[in-house]
Amino acid sequence: MTPRWRGRPDQTPDSHLFPTRPYDLVKEFVVAVAVLGVLTIGLAAVLSSPDHKAVSLQSWAVAAPADVVATATAELAGTSTSAGYGAPYNKASSGQQLGPLPLQRWGGVRIPVDSARDLVLEPLSSVTGDAGLSAALAQWNNAGADQRTGWASSYADALAAAPDGDPAQVKAGDYGPVPTLADRFLTLARSGGLEGLLTSAKTFYGSDETKPLLLLTDGAYLESQARADHLGGDQWGMMNETNNYPGQPWMWLYTFWYQIPPFSSSGNADALVWGLMAVLTLGFILIPWLPGLRSLPKYLGVHRLIWRAGATTAAR
Amino acid sequence: MITATGLLGGHAHFLHWGVVQISLANLVVILLMLLVFALAVLVPFPHTPPARRTSAPPAPAPTGEEARDAQP
Amino acid sequence: MLNRDRQQGSWTVGLRERLSRTVPPGQVLPDRQPAYVASWIYVFGVATLAAFLWIIASGTVLVLKGATWWHTSSIGHFVNSTHLWSVELFFFCMVVHLWGKFFMAAWRGRRGLTWATGAVAFIGSIGTAFTGYLSQTNFDSQWIAGQAKDGLNSVGVGAEFNVLNTGQMLLWHVMLLPLVVGVLIVLHVILVRRHGVVPPIDAELPAAPPLDAPLREPVAQREPLAPAQPDGRAGTPARPDRVTT
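Chains as they are written, first to last, in this note's numbering: chain A, 1354 to 1669; chain B, 3 to 74; chain C, 290 to 534.
Note that these hints are calculated values from the structure, not bench results.
Please read these numbers as outputs of a predicted model, since none were measured by experiment.
Every residue gets a Cβ at the ideal spot worked out from N, C-alpha and C, and that includes glycine.
Warning: the hint list may mix true and false statements.
[What the hints assert, rightly or not] These stretches of chain A come out as covered by chain C in the derived footprint (C-beta under 8 Å, 3 or more residues):
1. 1416 to 1429
2. 1446 to 1452
3. 1461 to 1469
4. 1520 to 1532
5. 1621 to 1635
[What the hints assert, rightly or not] Far from chain B by the CB rule (all over 12 Å, computed), these chain C residues:
6. Trp300
7. Thr301
8. Val302
9. Leu304
10. Pro313
11. Ala327
12. Ser328
13. Val385
14. Leu459
15. Arg482
16. Leu494
The task is simple: from the sequences and hints, build the whole structure.
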């Protein structure tokens, strides 16, 4: 049956009824492979590829110790990004919504992470031979939830007020064991053993970087490095690559929305952009069936350059 | 650890135009795509003229039903 | 085409006949193309396919030597570079191919599924490339994972597709997604061969088919009119109707 859409049948003739000419598809394919091979190898040889070294927790501790201390404190206070994230890590927040749909919450807490316990206290608990740390941990564990939050929040405020966030210049106050815990956490990070404690301490094999990445992204250092390379979300970062390399130009439409209102100032920006791009992507896939859009090429006229007179056929 | 080598290992250059920020590398790629597309539709493609009505491989002699179907 | 001696209910025969109807006879690898296929824009489909093969080839070398080899080996770094640039060329050619097909309205003549498979392959390729960025095991991977998790978590799928789990993302990148994209590409190419290259917009139907027009199976099945071959192969196909699409 001839396809129809509101009474207009598709009148495209059968391609097999047109005059033909010899065309060597296999030769075309082999030539294409050769040409693309030359281009690939040539570009690789001349332009190479970027390899911006990963930020280890040790290098983070060496480069930005104040940030490590502040991050550990925020984890203990429950004010870090991961601590207040919501699904899939915890229930601290309902997360983002797409209109009335709480999609993030519907995803459920499927990767449970207690930021204070999993990212700070458990790694510290594995340290032995440090009486001061053991006492601090005992004091923390024996305190009530409100007391812990009070200590950690006060210390976080004091760090923010100190010059350069330097723990050594924090004003005296009632911070409980938090300064000791944060300081020992920095020492642990500097030792280089923190990644292992967060990924494979109990399993030997570790390939899941969820915890160390949550910790790293809770800090400010990783983002500062990324923004220096124009990789930030409000810098069209999704399109970019480190150094002077081309990145992903085809992501232009996805990242565009983050640059303009209302997305640029919305707490639901990610969900909104995803929803919008899902609709646009569906439209892209369904172009052949969308009236108006499917007829657009005819009126744009570029096809007249492709099928110039002499190349089109009408056997007579 | 081996870091970026070659001509693109330096600091990136960015162009700003209102809300738009684009790296020079990405802009070059996009412009190249447009140029290649324009060339692809404009540059003549070498081709032989459409086939004349040459003799086709011999078709089997039509029998009964097939001969009837071949009627216009 | 039915074999007079077809075994009743034979799945083998059924599948063989279904497969033989997928592409018109002689059109899997034809040595002729419609005369209107005469523009450089037509080479970008096969160029995309060629780039895909180079991606697979360079990726296979990286698989052989492991995920972190390229950080410490000059040869490994070069192979990584070929993988990067073959991906750039892949997307470059695919986008030019996409533009060409759009301006040709190449979905005409019942070719909507050809367009759709290509579009889904494009989206799938973006996803595959994305898992590749996550598998670089360098700063890029860390930053992209940290950013991407927010997008995926916001719509509730971040637990199934945990971008912070390098082991999972590496396996998706090396096996699962290339397989999906590969299947889509195969379907796409089969559909191109099945329907032929789309005629020009507003092309006129030739008065009569050229003598070298390939035989096509009609939609309705017919009994072969010549006897089946002694070895059980089907007889000569009937002259098909001229089907307009």
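Inset, instruction - Examine the stretch 1621 to 1635 of chain A for residues whose CB is less than 8 Å from any CB of chain C, and state whether their number is three or more. - result: holds (count 7)
Legend entry - Status of the stated non-contact between C:Trp300 and chain B (beta carbon gap over 12 Å): holds, 29 Å
Inset, instruction - Measuring Cβ to Cβ, find out whether C:Pro313 lies farther than 12 Å from everything in chain B. - result: holds, 15 Å
Inset, instruction - Three residues minimum, CB to CB under 8 Å: does the stretch 1461 to 1469 of chain A make the cut for coverage by chain C? Let me know. - result: holds (count 3)
Legend entry - Non-interface claim for C:Leu459 versus chain B (Cβ beyond 12 Å): At roughly 19 Å from the nearest Cβ of chain B, C:Leu459 sits farther out than 12 Å, so the non-interface label holds.
Legend entry - 12 Å Cβ clearance of C:Leu494 from chain B: Non-interface label on C:Leu494 holds, nearest chain B Cβ at 15 Å vs cutoff 12 Å.
Legend entry - Distance rule for C:Ala327, whose beta carbon must clear each one in chain B by more than 12 Å: violated, 4 Å
Legend entry - Verdict on C:Val302 as a residue remote from chain B, using beta-carbon distances over 12 Å: Label holds. Min Cβ-Cβ 22 Å, cutoff 12 Å.
Legend entry - Minimum Cβ-Cβ distance from C:Arg482 to chain B exceeds 12 Å: Non-interface label on C:Arg482 holds, nearest chain B Cβ at 20 Å vs cutoff 12 Å.
Inset, instruction - Go check the stretch 1416 to 1429 of chain A versus chain C for me, would you? Three or more residues, Cβ under 8 Å, otherwise it fails. - result: violated (count 0)
Inset, instruction - Mind taking a look at whether chain C covers the stretch 1520 to 1532 of chain A? Criterion is 3 or more residues with CB to CB distance under 8 Å. - result: It is violated, with 0 qualifying residues against the three required.
Legend entry - Cβ separation check - C:Ser328 to all of chain B, threshold 12 Å: The assertion about C:Ser328 is violated, with a minimum of 5 Å to chain B.
The structure does not agree with the numbered hints 1, 4, 11, 12, 13 stated previously, though it agrees with the rest.
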